[in-house]
Amino acid sequence: MTNLTSLNYLQPELILTATILLMIVVDLFYSAKKSRRIGLWALAGLVLAFIYITVSGFNIPTALFLGSISSDPFGIFFKVLILLATIMTILVSFSERDLSNQRVGEYYILLVIVTLGLFFMVSATDLIMVYLSIEVVSIMSFVLAGYLRGNRRSSEASLKYVIYGAFSSGIMLFGLSILFGLTGSTNFFDIRTGLMELQNGADLALMLSTVLIFAGLGYKISAVPFHYWTPDVYEGAPTSITAFLSVAPKAAGMALIIRFFNSILGGEGVFTELEWGTFSAIPWTQLLAVLAAVTMTVGNLIALRQTSVKRMLAYSSIAHAGYMMMALPVLSQQGVYGIMIYAVFYLLMNLGAFYVVMIIANATGQEDYDQFRGLGHKAPLLAILMTLFMFSLTGIPPTAGFIGKFYLFAAVIKAGPSFYWLAIIGALNSVISLYYYMYVVKTMFFTQEKTSITQIEFKGISILVIVLAIPTLIFGIYWTPIADIVHKSLAIFIR
Amino acid sequence: MDQLQTYLIIGAVLFCLGLYGVITRRNAIAILMGVELILNSANVNFVAFARFGGMNMSGQIFALFVIIMAAAEAAVALAIIINIYHLYHSINVDEPSELKL
Amino acid sequence: MIIASLFILFLPLLAFLIQIFWGRRLPRQGDFVAIAAVGGTLVIALGMLLAILLKFDPGFQREAAFEWVNLGAFQIKLGFLIDNITVIMLVVVALISTMSHIYSTRYMGGDPLYSRYFAYLGLFTFSMNGIVLANNLLSLYIFWELVGVSSYLLIGFWFQKDSAADAGKKAFLTNRVGDLGFFIGIMLFFTAMGSFNYQDIFNGVANGQLSGIMLTLAGLGLFCGAVGKSAQVPLHIWLPDAMEGPTPVSALIHAATMVAAGVYMLVRLFPIMTPDVLIIIAYVGGFTALFAATIAITQNDIKRVLAYSTLSQLGYMVMAVGTGAYTAGFFHLVTHAMFKASLFYGAGSVIYAMHNALHKLNDHETDAQDMRNMGGFKSRMPITYWTMVVATLAISGVPFLSGFISKDAILAGTLAFAGHSPQHFLVPFFGFTAAMITPFYMLRLIYLTFHNEPRQTHIYIKIVESPRAMTVPMIVLSSLTFFAFYTLPQFNPFAGNGWFTSLVTAQDSLVTGFAVVSAHEFAEQVHHNHTLAMILSVSLAGLGILFSWLFYLKRKLSADAWAQRSGFIYRWSFHKYYIDEIYDRFIYQPFLRLTDKVGYTDWDLYDQKFIDGFGRVSEKLARLSGTIDWEGLDKMIVNGIGRFFQRSGQSLRQAQTGRLQNYLLFALLAIIVILIIQVL
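Residue numbers (the numbering used here), protein chains in the order written: chain A, 1 to 495; chain B, 496 to 596; chain C, 597 to 1276.
Treat each hint with caution, since some may be false.
[Stated by the list, open to error] Below, simulated SDA-like cross-link-like pairs (lysine to any residue); rule was C-alpha separation at most 20 angstroms, straight line:
id, chain 1, residue 1, chain 2, residue 2
1, A, K378, A, I482
2, A, K414, C, I1057
3, C, K1150, C, E1049
4, A, K414, A, L428
5, A, K34, A, L84
6, C, K673, A, D98
7, A, K414, C, H1054
8, A, K33, A, L84
9, A, K459, A, A363
10, A, K378, A, P398
11, C, K757, A, T447
12, A, K378, C, E741
13, A, K378, C, Q625
14, C, K1172, C, Q1160
15, C, K1152, C, L1139
16, C, K765, A, Y369
17, C, K765, A, T447
18, C, K673, A, W41
19, C, K673, A, R103
20, C, K673, A, D484
21, C, K673, C, Q625
22, A, K378, C, R712
23, A, K414, C, K974
24, C, K757, A, M438
25, A, K414, C, Q805
26, C, K974, C, K1172
27, A, K414, C, S791
28, A, K488, A, L84
29, A, K378, C, K1058
30, C, K1172, C, H960
31, A, K33, A, S100
32, C, K1058, C, Q1160
33, A, K414, C, M783
34, A, K414, C, V665
35, C, K974, C, K1150
Keep in mind the hints are simulated off the structure, nothing from the lab.
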């Protein structure tokens, strides 16, 4: 489709772009005190885009802009997820204590730009677009992570993030350049054709480029061993941003990886049949399987030994990336289905858990386990909600997390005996994670009070936590609507 | 074909130098320069492939985009480094290490 | 019936929700809400019991299901299955739960978390009813986990005590071990049949969709769940510790209902168990019965004796399932629920009296649960004494009481089993030996607590009978041990048949491909062995009673001297065969060390060894590069890398965690490693 006609399919992105431009202008007229109101503009734009997407629904998969991005239900599904995460983030940012004493206009502008970048990330079908969108998201995230300028931890986080991020994208870029050299195209589908015609002698180069590219993508979803930035950045960044980073870019990264491997390395029958084809020369399925196993194991084991709940959640988010990755190498529609369902539930429960931490941090200024001691007596409702999120993250029924894991494991087991080991490792990891999630619960209910909280204010953020908790519970019992939506979203653009 | 090989070797060398710089330097700006080397090694590859590999223009275009992005990235990174300098009075990347384990 | 069961399921849940959110604000902290809810379930359950008695149809069955998830090929239906077994079990749960609620109003009175306690009890009752009513493995599993959670909450209810919090954790974790197998078993059935529904699975097994070794494995998986929940060896370790919970909880959850859930599940799914699984079940159950009984002899804590006796009786039930006499196992489940709950209430009553006495004496040192501080309480608490004696005689298998009938049926079943396969003679041996030990240690408890002269006179004089809210449940449950409640319309204490055995009849095994004994054939053999079993069990019980009498009432034989003489056997039993210590040594500690190791690898090892090594390598590289004119190249590209070679080597050596470049380096090395692996 040509550039002009493509615009018809791009309304949500255009709405976001207009919002960004408008916000930049409007921000000039707000004083530092009132700059918080920019958030309302951002909210308006995001909600508008959200309404637009949901009302217009799924379309037939189409390639836009001469094949550089595509518009398909798969992408739209992730766009909705991303919008939800951003809207939540903006809502909680209003009550983030750390942000309250500085100018926050840009903060909201940057968040909307990240959203735009993520939109392109989930629909890119061209290497240039992949690189551009990843960079847009990364660069904005660097700034957001370091938004608390005077705060040493936040600044350190952003320094580590920017250097690690630039390094990873550089490595990935080198891999992309080799891929381009091998196939002569930047378009996913041309690359696939090119690869099929390739002589066997290029296996090594292909392998090198695949590994380098995966290093870049792995950084985005914080897969071990490219996860090293995650805990530090998550701990140092403002909690609202940490929650956002742990959810939205990760979901987009998963979407990008699925699309990338499916379109380039996958064979003919893509989302419609059970099996993806694969180039036998590169054993990338085994590689992914091993990385998935390592990712969840490392994430869980280190999470065991944390003293800060926020940092624990950072490591646990690594583990959850591992769970999702587990369903990638089985190369089946069911696997993608599992990942998508899990992404929804993970968004709910992880944001919920982070927001509880944020409420505590707002009230006490700290995120240690100590602040959770005896929370069950001081603020029973909050503690119960946190318990629900912990249960869900562990995957204990009847919570959404259990359903998500169920689908992931089902996909892995269905893939046949050669993946049983992966399912077993996944199951063992769930057991390990039980320990540290339950430790939070135990700390809240079964220890002497130590938290310095005197009063939890029942305002915006608390309501948001409840809003997240209700579906976490309900989808654990009745998730057919979500499953239906995901089922309908299982259509990806192919050529 | 020989010419292509030469450029590819230059690209690979640049890539390795960049990696080495990134890993070994303490100075944040020097690390950033290492990153730039990596990016430019990829650029060399892109352009060389497009020019000598008998391929279309997308290589050059890619390189242009990379240059733009590299500039943006460097701008943000420098801003962050300045911020670090204000807080630590140093741009040694080892200085900020409160976040660990 | 389905509507009625909906009420039974959801009334306790409603009570739970009201209690947890508004409990504290209600008058009396809302205990009446909880009691009304479970009382309501009891009334409904009794109505259902009346209905099945009027129908008197052994094949009675009602099923209702709704579609829960439908994704084309993937469908899950959840629902209820109500038959005679379900109804009887519902009555048991509702009855004991109601009694525990009433009992708790006094026993837990004044506790700061009084309303939350009742909330947890409501949650438990809801989950337990869910297990009972389930018609499929999936909802069974969900409720199975929920009872686990409520049990965890109630065991750790007095979490200020470390031991209670630890016991809760231990119960939860130990159960997870069993549940892992349970889950695998469920999934094996699901993959083979495409359904969780019991009837579908039964049909599938009958059609041979799952057979041979896979069916055995799946059955073993399910049994793993029962081993965890019903605390069979080797996962029995949590139950004695669970006694840290409040006593009414021990009575309700850890004696009468939840721990019986494993047995209930095996009874429900008996027709699909292969003979191989059944043999394992029989051995595990039989061994547990004897093993726990030998520990119970030496314990001094009144609740622990009861805990081990519960283990032993659960072993009986499991063994019964294994031998094929699974209806007898279920029968014993019901009778045991009554007398064991009664015993726990009695023990709770004694502890309550001890607590109050110690409180008045301002004594915080003496252990209120240690039988060595008791003695002679008979005259002080007559109601507690007599109800406990009745329940003790029932558990001992004395004729005219319920335990006699049900235990007899089990023992006859083991004899029939051994008659059919003589190589398994150990199973009846376990059963009969435990039958002899049971009266011994149970009467020991009675004698030590209630008879002879008081050991601590100053406590003794402060002991008073418990209030009516506690004695009434004891009286109700101990009177339910009278045999006629289970044998009507028959009135022959030795016949062992009546409405119960008529309504709960054995089904044939559906397993194909194995040589199985039909239910009818087995019943014949049981009938054959009935008299022998009765004579044996009565005489063995008499022997146990006699010895206990000699040891602890008449003191003709000295228990201490015997303990001395038996040496290490006594010590082993006293220390519960050191099972906990063995697990600690060989499972927990190695695992803790493993996590330490991993943490070590990830940070310390990586830092110290790796970064160090890298520093050294790069130093060497630096020296090497000095020889080829590297310096000039450096100056041209990046300002003087050469000089920094040395320095970077040094600083890398001192590198600490949290350093950015360690991260970069590690990522890079990971890429290289992956590449090497890929190339190879």
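Results of checking the hints against the structure:
1. A:K378 to A:I482: Since the Cα atoms of K378 of chain A and I482 of chain A sit roughly 35 angstroms apart, the hinted pair is violated (cutoff 20 angstroms).
2. A:K414 to C:I1057: 69 angstroms, violated
3. C:K1150 to C:E1049: Measuring from Cα to Cα gives roughly 12 angstroms; hence the hint holds.
4. A:K414 to A:L428: Roughly 18 angstroms separates the two Cα atoms, so the pair holds.
5. A:K34 to A:L84: Violated. K34 of chain A to L84 of chain A sits at ~25 angstroms, over the 20 angstroms cutoff.
6. C:K673 to A:D98: At roughly 49 angstroms apart (the allowed maximum being 20 angstroms), D98 of chain A and K673 of chain C break the hint.
7. A:K414 to C:H1054: 69 angstroms, violated
8. A:K33 to A:L84: With Cα atoms ~27 angstroms apart, K33 of chain A and L84 of chain A exceed 20 angstroms; violated.
9. A:K459 to A:A363: Holds, because 13 angstroms separates the two Cα atoms, which is no more than 20 angstroms.
10. A:K378 to A:P398: It is violated: about 26 angstroms lies between the C-alpha atoms, which goes past 20 angstroms.
11. C:K757 to A:T447: 9 angstroms, holds
12. A:K378 to C:E741: 28 angstroms, violated
13. A:K378 to C:Q625: 18 angstroms, holds
14. C:K1172 to C:Q1160: 17 angstroms, holds
15. C:K1152 to C:L1139: At roughly 15 angstroms apart (the allowed maximum being 20 angstroms), L1139 of chain C and K1152 of chain C satisfy the hint.
16. C:K765 to A:Y369: Roughly 18 angstroms between the alpha carbons, so the hint for K765 of chain C and Y369 of chain A holds.
17. C:K765 to A:T447: 13 angstroms, holds
18. C:K673 to A:W41: This hinted pair is violated, its Cα atoms lying about 46 angstroms apart.
19. C:K673 to A:R103: Violated, at about 55 angstroms.
20. C:K673 to A:D484: 17 angstroms, holds
21. C:K673 to C:Q625: 39 angstroms, violated
22. A:K378 to C:R712: Holds - the C-alpha atoms of R712 of chain C and K378 of chain A are around 14 angstroms apart, at most 20 angstroms.
23. A:K414 to C:K974: This hinted pair is violated, its Cα atoms lying about 64 angstroms apart.
24. C:K757 to A:M438: 18 angstroms, holds
25. A:K414 to C:Q805: 18 angstroms, holds
26. C:K974 to C:K1172: 30 angstroms, violated
27. A:K414 to C:S791: Judged against 20 angstroms, a Cα distance of about 15 angstroms means the pair holds.
28. A:K488 to A:L84: 19 angstroms, holds
29. A:K378 to C:K1058: 38 angstroms, violated
30. C:K1172 to C:H960: Violated, at roughly 27 angstroms.
31. A:K33 to A:S100: The hint holds at about 9 angstroms.
32. C:K1058 to C:Q1160: 34 angstroms, violated
33. A:K414 to C:M783: Holds, at about 11 angstroms.
34. A:K414 to C:V665: 19 angstroms, holds
35. C:K974 to C:K1150: With a Cα-Cα distance of about 16 angstroms, the restraint between K974 of chain C and K1150 of chain C holds, given a limit of 20 angstroms.
Going through the hint list in order, the structure does not satisfy hints 1, 2, 5, 6, 7, 8, 10, 12, 18, 19, 21, 23, 26, 29, 30 and 32.
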